[in-house]
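> Construct the entire structure; sequences and hints are all you get.
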Amino acid sequence: MKGIANEACFLAGQWGLGKLIAFYNDTHISIDGDTVIAFTENGSSGSLGQAYSDQVTTTIGFGSPNKANSSSVPGSALGAKKVEATKQNLAWPYEPFQVPEDVKKHWSCHVLEEVSLEADWNTKFAEYEKKYPAKAAELKSIITGELSAALSISICFIILRMTYTPESPSDASKNLSQQNLDALAKVIPRLVGGSADLVSSNMTSHKMFGGFQKDTLEERNVHFGVREHGMDDMFNGISLYSPGFIPYSATFFLFVDYMRGAMRISTLSKAGDIYVMTHEFIRLGEGGPSHHPIEHLASFRAMPNILMLRPTNRNQSTSAYKVVVLNRKPHQSLLCLGKSFLNSLKFPLKESKREGASSLKTLQATNPRSF
1 MKGIANEACF LAGQWGLGKL IAFYNDTHIS IDGDTVIAFT ENGSSGSLGQ AYSDQVTTTI
61 GFGSPNKANS SSVPGSALGA KKVEATKQNL AWPYEPFQVP EDVKKHWSCH VLEEVSLEAD
121 WNTKFAEYEK KYPAKAAELK SIITGELSAA LSISICFIIL RMTYTPESPS DASKNLSQQN
181 LDALAKVIPR LVGGSADLVS SNMTSHKMFG GFQKDTLEER NVHFGVREHG MDDMFNGISL
241 YSPGFIPYSA TFFLFVDYMR GAMRISTLSK AGDIYVMTHE FIRLGEGGPS HHPIEHLASF
301 RAMPNILMLR PTNRNQSTSA YKVVVLNRKP HQSLLCLGKS FLNSLKFPLK ESKREGASSL
361 KTLQATNPRS F
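Counted from 1, the sequence shown has number 23 at position 23 by the UniProt record's numbering; the numbering is strictly sequential.
Hints in this document: simulated from the structure, not taken from any laboratory. No residue lacks a Cβ here, since even glycine has one placed at the ideal position from N, Cα and C.
Straight line, CA to CA, 25 Å or less: simulated BS3-like cross-link-like pairs of lysine-lysine:
1. K214 - K186
2. K140 - K322
3. K186 - K207
4. K186 - K322
5. K67 - K81
6. K130 - K140
7. K135 - K186
8. K329 - K186
9. K87 - K67
10. K135 - K124
11. K270 - K140
12. K140 - K329
13. K322 - K270
14. K329 - K270
15. K140 - K19
16. K140 - K186
17. K2 - K270
18. K322 - K339
19. K339 - K207
20. K19 - K214
21. K105 - K87
22. K104 - K87
23. K124 - K140
DEER-style ranges, computed between Cβ atoms:
24. R301 - L363: 22 to 32 Å
25. A80 - G210: 58 to 68 Å
26. R264 - W15: 19 to 29 Å
27. Q213 - I31: 34 to 44 Å
28. N25 - Y241: 20 to 30 Å
29. S116 - T40: 42 to 52 Å
30. N66 - Y24: 24 to 34 Å
Structure follows, in structure tokens:
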């Protein structure tokens, strides 16, 4: 029933994801009762139904003499007595976590088969590694998510080359973000991202790449339309399945409310996503109160496993990308960017932005009046 189901299915069709296997388990039961009270759509028809590869109707709480096919099953545990009654009804004499021998024997055959397949794959990969060492190293990086030493050094050099002096012209942090993304995309082939229909405002389009579509799979600008929730959940999947990919998602800072559920899942699973959130100022703008992220800074600073970075000058904007790319996990990183122009403040660049603050001036006062 969730809206994200529509978002994901429509994009799957847009991109022609022919290898996607979607499983629709229809129990006709929700916590409040039979789904007919709130859901009467035919699951096998319409654009949403056509996206499912397999549709089955099952009985929730199957085997329970008192609870099967009832709304009390998804919301609470059966309890010891009803579990025992269910075991008797199913003729299941085994203790908890005890696996019957015939089941164990059946799956053991599959284990041996998979061990053989893995050994065969490892042999082929060893041969591939000897013949194509560079490509083999890149594949390992995609699987493990570990950046090579050479790539880490390249990233550091890029950030160093983009250092600004106090005399550098001022610019908005969202514009500086665009410059950083373009520079990093040249050396990080797995940096991929998109915006929820706000590319021109978020400044998140790689200028040297086109849009990702089913006929242009090599491109790295992903167009999600107005689908914030689906956007971040897809990037969660990419991060967890292929840790070597570095996905970033973008929208206005206030609009994170549309994708907060996916962000919470990202923090729990430590996916390592990067969020590029722009228009973070709370003062009046063209969008009015509906675009003012008043409480958002505080709420995300309180959320576990979120590294919040809000750069206040040009060098911090650049250093922020070094932090989020080289230190993706276990944190998710949120870049809070604005449209007002920033200058390059006069303080030592060597001060670490990872510490969260920099010393602007050392005072000699022994009795400070304020902090």
